[in-house]
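Residue numbers (the UniProt record's numbering), protein chains in the order written: chain B, 1 to 495; chain R, 1 to 495.
Mixed in with the good hints, there may be bad ones.
Which residues of chain R face chain B? A few of them, derived with a C-beta cut under 8 Å, are [stated by the list, open to error]: (1) Ala186; (2) Gly287; (3) Gly376; (4) Gly415; (5) Val430; (6) Ala438; (7) Ile442; (8) Ile458.
For the record, the hints were derived by calculation from the structure and aren't laboratory data. C-beta: ideal position from N, C-alpha, C; glycine also.
There are 2 protein chains.
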Amino acid sequence: MTHDELIMALENILGQQRVLHREHQLLAYECDGYVAQKARPRAVVFPETTDEVASIVKLLHEHKIPFLPRGAGTGLSGGATALNGEVIISLVKMDKFLSVDYENMRAVVQPGHINLQLTRKIAPQNWYYAPDPSSQSACTIGGNLAENAGGSHCLKYGVTTNHIVAAEVVLPTGEIVNVGSPFGDALGYDVLGLIVGSEGTMGIATAITVRILQKPEAVKTIMAMYDNVSDASDTVSDVIAAGIIPAAMEMMDQLAMQAVDKSNYHVGYPTDIDAVLLIEVDGLRAGVEESAELIVEICRKHNVRSVQVAGSDAERSLWWSSRKMAFGAMGRISPDYIVQDGVIPRTRLTEVLTRISEISRESGLRIANVFHAGDGNLHPLICYDSRVPGETERAVAAGSAILKVCADVGGSITGEHGVGVEKIEEMRFVFSDADLSAQIQIRSVFNPLDLCNSGKLIPKPGRCAEVRQAKRIIEQHAEIFDGFQEQTMIASPGK
Amino acid sequence: MTHDELIMALENILGQQRVLHREHQLLAYECDGYVAQKARPRAVVFPETTDEVASIVKLLHEHKIPFLPRGAGTGLSGGATALNGEVIISLVKMDKFLSVDYENMRAVVQPGHINLQLTRKIAPQNWYYAPDPSSQSACTIGGNLAENAGGSHCLKYGVTTNHIVAAEVVLPTGEIVNVGSPFGDALGYDVLGLIVGSEGTMGIATAITVRILQKPEAVKTIMAMYDNVSDASDTVSDVIAAGIIPAAMEMMDQLAMQAVDKSNYHVGYPTDIDAVLLIEVDGLRAGVEESAELIVEICRKHNVRSVQVAGSDAERSLWWSSRKMAFGAMGRISPDYIVQDGVIPRTRLTEVLTRISEISRESGLRIANVFHAGDGNLHPLICYDSRVPGETERAVAAGSAILKVCADVGGSITGEHGVGVEKIEEMRFVFSDADLSAQIQIRSVFNPLDLCNSGKLIPKPGRCAEVRQAKRIIEQHAEIFDGFQEQTMIASPGK
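Given the sequences, and given the hints that come with them, work out the whole structure.
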């Protein structure tokens, strides 16, 4: 099938208006929120129904043409980058809110429905959808499903996989299947659990049933500032040890605060503090009051310089905006930056932060830290200038080195941003060739020809060239990678 | 390999003491808690280390001899029945508590470790393990993993899959792999999620890392008695609608209460009430007080006959014992009984209970109901007498008919007991042949020769003989199955 025949066949299904294929039209689709690697898709199509998605996928499968699904393009790991000149299937026109069942706590949306819109739609009845990525005003529920997105409030409520109970999915062969169970837990093997977080490699969700929650009766937000990170970090541990599970427990370091204060969010952080904690508790009024008092006490025990409870919704909202916009605010202090996303056991926080500041020194690059402290999910922000020769490479190597530290202390190389193209080689820090082969076998049950978002999430096992390249990067940046313990990440609990 | 050669090879690995193969020794292993179908294993072996498990599995795999893992044998769906004369690999000698890390909220145990022992071990430090099946004083964490076990307190805390974060697993080929991640969510495809609940068809967990929780500061337990089930059921809906998520919300009907009162638990239920609710809230003291008051108010709004809050730990403990022993208590009112396990949307409760009482009338068998009302997980207890010709078959057909009702209202055919051999044909109420083929393909990634617990969980797709047999059962018991709507269970949300 020639390129022109393909375009015509796609237009036959969708009409000319919903098939983009001219060069200037494709420019905007060369990358998502991960801008370090770009690639031109051969076309971008905009289906509006499940049957249209299935028809397109069948056509592409039949002619062995690679394709990938795309939501709002806010992803941070390059999951929607058309590495193989894919046809991009954009789900933004499938953005409907389909139904809601308050009594059974369920809502059904199309994949292009925007995360925050879902909460807005049910807010008048006092309900909400819990997972709240920083990009929630733009990102889609379909994209959240693909990336198993997290968010500040996932400490108490869990990430996306805990909130999606069923989905209609167009498999990479074009077959339409329904997975999961709107009520009751998974039956048979947990196929829905396998598809959530599969980064678009196992098909395209076309209708998604989510769990919705009632808004808590009361919320209290506490901001605590510290002269040093280890006091803040001890506070986090002690809050958990006290048996409180806050809805959120976020930390930012000095450099991140500077960036935020230079942007439009004038929280007015003192310039000389080392760390700020944002802790939120929610639930019934009486319990929330008790928790907030206890948390303030714990902060005081750990040498907090100042601690306050938000006095109004406006104040609470300003504090949260400053946190949620922290990534974007980095643009105020650095021409370019990479957002990393590693997970560590909470108890290793101080040690890992020390290692990150060493990596910053060794690489000569500033690194800010913004993180979901409660569950040990770090977001180091590596500042660099792509106009300076070699600096991009050093930034990438520093990011990789940080992920190696996370893996070495028993953590993970992604908390919520996905692997995509960005971290695909770092999967080898964690998985053996045998593990990767098993993952590829699982994928091939659904995606036998590897046409659907090929080259993402799971690296090919034992490709010597790639392993050699990874080794070369480590050697070239020996000073950054130096001194790592050679541990395996997946604990061997029984041995 | 002859039988004698096999026994010798097993004894070479484990020694004579840990290989049972004489007929009288095997009798106790002909079934688990599901007694309606029995089968003799060819041997039962007791490994003590991961390497021993791996050696045994390698030997069996090499000689294509079927095998299956077994925990305490408390399962209710026949998951540990040696349908194919399997070698049973008992994990009861691998019962160690390996380690605990309070700061990071993790403990590691061997698969044979008993559920309640885990909580007892960490209770002095004020921690516990949340999933609490009724059999928790006997059942093992490995068995809980295989069946994705639930329990009364899973309403608030989630079932086993939400509490297991990593595992060392001997695959059906004998390979030892580590899956999951002790910290952070699943990376790559969620293989651990696939193995949890796979009923022993994907390998044998030999070390299990679980999430542990701090004991709540306060607990309040409320018992409410009703003249009719629909008032009790409206109470359940209203409690959830009020934004309270109780730790547990359990219901028993009149027949179940009679059984309990005839056993050793003299709660003293009035003989003329229709339903009793047991509701428990936990958390910080202030929040718990507030919730308990609100719940009592809601009970009153729904014509409760009497409602009381447990005044002491002893009273609370009596109430819980009476609930947890309800299954066993059935023996007081019926020579035999089948415990069924279906899930329905909570809002369909009254309608489904009406249908169950019709099935009871049509089959001529008494059916008691004990259920996790909060999450719509029903446990109909079907009373029968196996000495009366035809009664066993009628009881099995009635159970199947109830599951069909659950499937037809959009629910599931198992909440927490698993599919095993008991419900394997009922999987067809829910899954198409295409769905079953996909599930078998997933299994074959791990269990290519289907040697490991063959014939459980996933029925073979489109085996005409079996489909014919299912149809014959439905025809023979037309009165019981009559009047079902022909709906598919898995909702088609987008269509």
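The hints, checked one at a time:
1. Ala186: holds, 7 Å
2. Gly287: The hint holds - glycine 287/R has a Cβ within 8 Å of chain B, the shortest such distance being about 2 Å.
3. Gly376: It holds, given that the least Cβ distance between glycine 376/R and chain B is near 6 Å, below 8 Å.
4. Gly415: holds, 6 Å
5. Val430: holds, 6 Å
6. Ala438: holds, 6 Å
7. Ile442: Status holds, d = 5 Å.
8. Ile458: holds, 6 Å
Every hint from the earlier list agrees with this structure, and none is contradicted.
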